[in-house]
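Asker: Using the sequences plus the hints, can you model the full thing?
Residues per chain are reported as follows:
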Amino acid sequence: MSAAEAAVLPGSFLAGGHTLREWLITRDHKRIAILYGLGITFFFFLGGAAATLIRLNLITPEGALLQAATYNKAFTFHGVVMVWFFLIPSIPTTLGNFLLPLMIGARDVAFPRLNLLSWYLYIGGGVFAVAALLAGGVDTGWTFYAPFSTMFSNSHVFLVVIAVFVSGFSTILTGLNFIVTIHCLRAPGMSWFRLPLFVWAMYAVSLVMVLATPVLAMTLALIGLERGLGVGIFDPALGGDPLLFQHLFWFYSHPAVYIMILPAMGVASEIISCFARRRVFGYRFMTYSMLAIAVIGFLVWGHHMFVAGQSMYATLVFSLLSFVVAVPSAIKVFNWTATLRKGEISFESPMLYALGFVGLFMLGGLTGLMLAAPALDMPLHDTYFVIAHFHYVMVGGSVMAYLGGIHYWWPKLTGRRYPESWARFAAILMFFGFNLTFFPQYLLGYEGMPRRYHAYAPQFQVLNVLSSGGASILAVSYLLPIAYLLWSLRYGRAAGDNPWQARGLEWQTTSPPPTENFRRPPRVREVYDYAEPAP
Amino acid sequence: MSTPRFLLPQASSIAFRIDVFFWSMTALCALVAAGVIVAIVFFGVRYRRGSPAPRTDRHRDALGVEITWILVPFGLFVVAFIWSLSIFALARTPPANARDIYVVAKQWMWKIEHPGGQREINTLHVPVDEPVRLTMTSQDVIHSFYVPAFRVKQDVLPGRYTQLWFTATQPGTFPLLCTQYCGTDHARMGGTVIVMPRAEYARWLAGQGGAGTLAAQGAQLFRAHGCSGCHGSHAVVHAPELTGLYGRMVHLADGRSVLADDRYLRDCILEPSAQRVAGYPPVMPSFSGELSEEELLALIAYMKSGPAGVADESADERR
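If you read the sequences in order, they're chains A and B. For the first sequence, my numbering assigns the number 1 to the initial residue and increments by one for each residue that follows. For the second sequence, my numbering assigns the number 1 to the initial residue and increments by one for each residue that follows.
None of these hints come from the bench; they were simulated from the model. Keep in mind that the hints are not guaranteed to be accurate.
Said to hold, decoys possible - Here are some chain A residues pointing at chain B (derived, C-beta under 8 Å):
1) Val307
2) Ser311
3) Pro374
4) Leu436
To be verified - Cβ pair distances, simulated, as ranges:
5) B/Asp261 - A/Phe193: 52 to 62 Å
6) B/Leu28 - A/Tyr313: 21 to 31 Å
7) A/Tyr313 - B/Thr173: 34 to 44 Å
What the hints assert, rightly or not - In silico negatives: residues of chain B with every beta carbon more than 12 Å from chain A:
8) Asp185
9) Ala253
10) Val258
11) Val283
12) Lys304
Note that the Cβ used here is the ideal one computed from N, Cα and C, for glycine as well.
Answerer: What follows is the structure, given as structure tokens:
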């Protein structure tokens, strides 16, 4: 018996059923989480490869590496893959799938077969995305603006549209599954305000997934109709309206930003509470603010269109609502900070990731305020300022939190500890690499460098070189965890059931948990009950 | 533009106001961020595990604090919203005396037309200290007209007119960029805006020559495409009178009233039945597909100018 097998307790969800077939027909939410984990990791590095090409190309003003057409395909592929095949599924389908039933004391999600179907839809969509890449790529940008995408692009728009369409149903089914699970499968005593904030985050994000994603499916279908059959919907030459496309697209894609950030907020709340040994400050405000973000997030899409030709009246309303949606995000940042007060704070790697998340998300959010003001959006729109803003939120925010969550729950997932000092090093390296990559892009945007430019004016070179240098550091900090986490699977020491002395039902079962999740019913207590000793 | 410099030139009347707002917001954001970061570091040190700092009432919430940091940011946001809107409303309201210049974008160039008939490509000459209103459209996909030194930007759409105005405040040459991704050579779809002193600008206009003023070109098209057969002063067909139409409210057959602006005139030429004038039969054919964007602009310039503008072809230069 090897060391790896010794750590896996008999009856653990990882024990038995080692064949590929048994993994591919599993209905265990924990195994499906791992299947998703493999998928999104693959796509993260695929999207990262495209980002590498982009940053290499922008080292010189005339474009160091790629021709214009190839560059356009690189940033399109980067965006499509990172948004739909990494960021949107990232936390919900891996950590969410694994933890949601454990956290509410359930045996599985409400619809285990549907859960497996979601994974197959995701992979099915992914196959189309890779097919589009192999066939020669797409050059529309991830936003598919019409009429360029419908009538002018000569690339494989259909394949990518199908890819996103199919994977969208995976998102919808996951959201549906989570909503029903949270409503129906909570353990006795697990009332709504005893739910960990991660569960609240999954609930809020599931609402957005179920309500917003169908609009994306519809919009993509309309692209197909116009491009394939010449039905005039978006192209004025056919009697269509190009602004209609933007309204439909952002009606989905702005809430999609919250699909990416709400789960990250949930993860950060769990980690900060655990490593500060303190109940989350303003727990109820944290739940309300997530629900407020989910609801108001549906009403701000027009801030993507301040200079697109929408009416002054629309601009006024969307600007005001965009400021309003920033309030609940501000509440969350203040509450995370206040959670540290009077805590017993320690700085293990998950905490470093979580604090990094708070700082970077805050900078992304604050610059979002500037863009919510039409007077500033007019000069800054579609420049690198916007690129920096949403990378601070999505990469600095969501990816930091995702990796924090992976580190926090890794002992629970695998029963193993990773080398802590390497993990701390990676977290700190990521924070600096990230800032070096994206902070110069704020300055580039202010200076007037437009996004999606394959070549640029010489005065932008210094900042671009800085950004590319930062990206290489960032790349190392993403590869490091792959190495030591894989290493830990075989050589890591056994984790024990609750290595962080955390609260929450998932820590009451073994690491890794048994197939049925709990051998004896978990004891439901008040949420974040750090005033009492661990059970 | 070869010397690297951090601050963009403030070369339009709106640039200074926008910059003041930009740096104020930046300062506010930096202040908030610094406050939060200082608090995190302070708590991190003071309440590190094992430190002797007192921790009475550790797990308690504080409703008053919570309400405060909801209301204070909200108040600040409202101030920022109003400040922003006051600038944006100005940036979106061209003065009545603005000089009209027309822009037709296509993959991947900017075509500029002046009322006097002067044409240029990827270069826009404007006079200093005089408001300029651009009426813009695209022949293919969406583009966006962006002059960083002026802090102005507006998407340029196919099938409709969008407008942008500015007053350049210093002579010089400033980059013009396309900021809406428009295909392969998007990054090359640039140009320059050349701001000239007024007298020099007048000489430049006079030296350009051209095929007559835009309005005169429109008058020729008006006859060539048979418009004058119905809308001309001696026509026997019952058609709406076009003289003095521009800028008036028009009552439509479906009960609505619309302003007869560039957009309305363009729509009526291409799709006459959609916004039919009350009291007239739907007999006008569509000219969709028969006229280029430049020809449409010329026809509209003709209708704007009225008969007087056509009779005296130099009217626009004298303005």
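Asker: Please check whether A/Pro374 passes as an interface residue: C-beta within 8 Å of a C-beta belonging to chain B.
Answerer: holds (4 Å)
Asker: Is the claim that B/Val283 lies outside the interface with chain A correct, judged by CB distances over 12 Å?
Answerer: Given that every Cβ of chain A is farther than 12 Å from that of B/Val283, nearest at about 21 Å, it holds.
Asker: Does the Cβ pair B/Leu28, A/Tyr313 satisfy 21 to 31 Å?
Answerer: Taking Cβ atoms as reference, B/Leu28 and A/Tyr313 lie about 27 Å apart, which means the hint holds.
Asker: Would you settle whether the hint for A/Ser311 is holds or violated, based on the nearest Cβ-Cβ distance to chain B being less than 8 Å?
Answerer: It is violated, given that the least Cβ distance between A/Ser311 and chain B is near 10 Å, above 8 Å.
Asker: Assuming the hint says 34 to 44 Å, is it satisfied by the Cβ distance from A/Tyr313 to B/Thr173 or not?
Answerer: holds (37 Å)
Asker: Is it the case that B/Ala253 keeps its Cβ farther than 12 Å from each residue Cβ in chain A?
Answerer: holds (20 Å)
Asker: Would you check whether A/Val307 satisfies its interface hint, that is, whether its CB is within less than 8 Å of any CB in chain B?
Answerer: This hint holds: A/Val307 lies near chain B, its Cβ roughly 5 Å from the closest one there, short of 8 Å.
Asker: Beyond 12 Å from chain A, beta-carbon-wise, is B/Asp185?
Answerer: With a cut-off of 12 Å, B/Asp185 comes too close to chain A, as the shortest Cβ separation is near 6 Å.
Asker: Examine each Cβ of chain A, and state whether all of them lie more than 12 Å from the Cβ of B/Val258.
Answerer: Since the minimum Cβ distance to chain A is about 14 Å, B/Val258 lies beyond 12 Å and the statement holds.
Asker: Identify whether the interface hint at A/Leu436 stands, where standing means a beta carbon of chain B within less than 8 Å of its own.
Answerer: Interface hint status for A/Leu436: violated (17 Å vs cutoff 8 Å).
Asker: Is it true that the C-beta distance of B/Asp261 to A/Phe193 lies inside 52 to 62 Å, as the hint says?
Answerer: Given a distance of about 57 Å, which is inside 52 to 62 Å, the answer is holds.
Asker: Holds or violated: is the Cβ of B/Lys304 farther than 12 Å from all Cβ atoms of chain A?
Answerer: The claim stands: B/Lys304 keeps its Cβ more than 12 Å from every Cβ of chain A (closest is about 21 Å).
When the structure is compared with the earlier hints, violations turn up for hints 2, 4, 8 and for no others.
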